[in-house]
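The whole structure should be built from the sequences, with the hints applied where relevant.
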Amino acid sequence: MAEEVKLYGTWSSPFSRRIELALKLKGVPFEYIEEDLSNKSPELLKYNPVHKKIPVLVHNSKPIAESQVILEYIDEIWNNNPILPQDPYQRAMARFWAKFIDEKALATRMKANFAEGKERELVTEEFFQQMKFLENELNGKDFFGGETIGFVDIVAIVVAIWFPLTQEVLGVETFTEEKFPVLFKWIRKITEIDVVNECRPPREKHLAYVKARIEGLKSASK
Amino acid sequence: MAKSDVKVLGFSPSPFVMRARIALKIKSVEYEFLEENLGSKSELLLKSNPVHKKIPVLIHNDKPVCESLIIVEYVDEAWSSSGPSILPSDPYDRAVARFWAAYVDEKWFSALRDIGSANGAEAKKAAIEQLIEVLVLLEDAFVKCSKGKPFFGGNQIGFLDIAFGSYLGWLRVTEKINEVKLLDEVKTPGLLKWAERFCADAAVKDVMPETDKLAKLRASAPPSS
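Respectively, the protein sequence lines represent chains G and R.
Just so you know, we're using this note's numbering here: the first sequence kicks off at 1 and counts up by one.
Just so you know, we're using this note's numbering here: the second sequence kicks off at 1001 and counts up by one.
Calculated from the structure, these hints are not laboratory results.
Think about it this way: if two alpha-carbon atoms lie no more than 30 Å apart in a straight line, the pair counts; the simulated DSS-like pairs of lysine-lysine are: (1) R:K1007 x G:K99; (2) G:K104 x R:K1007; (3) G:K62 x R:K1187; (4) R:K1053 x G:K179; (5) G:K141 x R:K1063; (6) R:K1149 x G:K52; (7) R:K1054 x R:K1216; (8) R:K1047 x G:K179.
Written out as structure tokens, the structure is:
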């Protein structure tokens, strides 16, 4: 049976881009459908009725939603270039850090970007602590996955690309190489990888998009 | 394997801790349970889970595993040759189970918490209605996942049974305190029967806290991990 693989996503979403990366890493041909989130397609609503969100992977007409669930599914179906390690303990660690990034680091980063005064100080300190934990996880390795990128690296690309970009737009310098030399070394290494660069939003377009979003959020909160 | 090779740091009323214990029971793994005083966390807990400082923590041969669902998957994989599989064997079924487990921890948990924190009768009513909507979705998930069998996981309890079932104690407390039926024969007939079966299961009944005990605790603090 011919494999039918479709990815419903958006060009600017780190959650969508990580699925593209996983599929490309494994050389899986897929059809990409760009969604307009202000006008969601009937297919998206059919395939993810619970959350109505991207990304959604559809494999031979069967939909899978939630980016980390999709990543694990991809790794199990196409087992070349494995994303998750084999050892159960290493797998548990990978899942732990991936969850930490998506559930803690992202939320803290968002709060830190928009908080003011004392709250901003506190949240920024929390963010620093979280980034330190993450940095320590690298522990002399090139990548979280070891010699090649793995599950945590793929999830952490949001830290490598989205965090510095947002910072640039906001004109702040909290997440710096000076504070996180090991993490920034990892950022350099991972953003040198061809396939990672194939799967990142084009810089100028991304900058403009983030700028517009931040402006929108700022005026909405006034 | 010596009992001391496996430790669980936990707090008996916690649904998250229950998940770890059910998984270990399914795999017939003996372990030492160390009850934590959450107001005064042990050195071992702080050392084993420095990032979150939360329970449960599974310590296997001195290596800590944190986050309840991650622990369940770890137990399934580390003791794969012992007892039935906890995760489904088919990759798509696994993805569906993981999807709904994530939904439970996000939407169900926050809806449950909203009831507890709702101020006034109107807010409480709205929060309860919200929770019931979540239950109706989970009822649908149950029908699809169980495919006519007794559990989300089929003939035996599996990952999603554990993920959702671990909240049944708190669900019952919420029903009791708010004098409302959350699971009922009309909206959630499948889940209603499943809940009975789950709580009676050999892997569950010894670690499911009694509703009365939970209600007393609930009077002093809302559920948290």
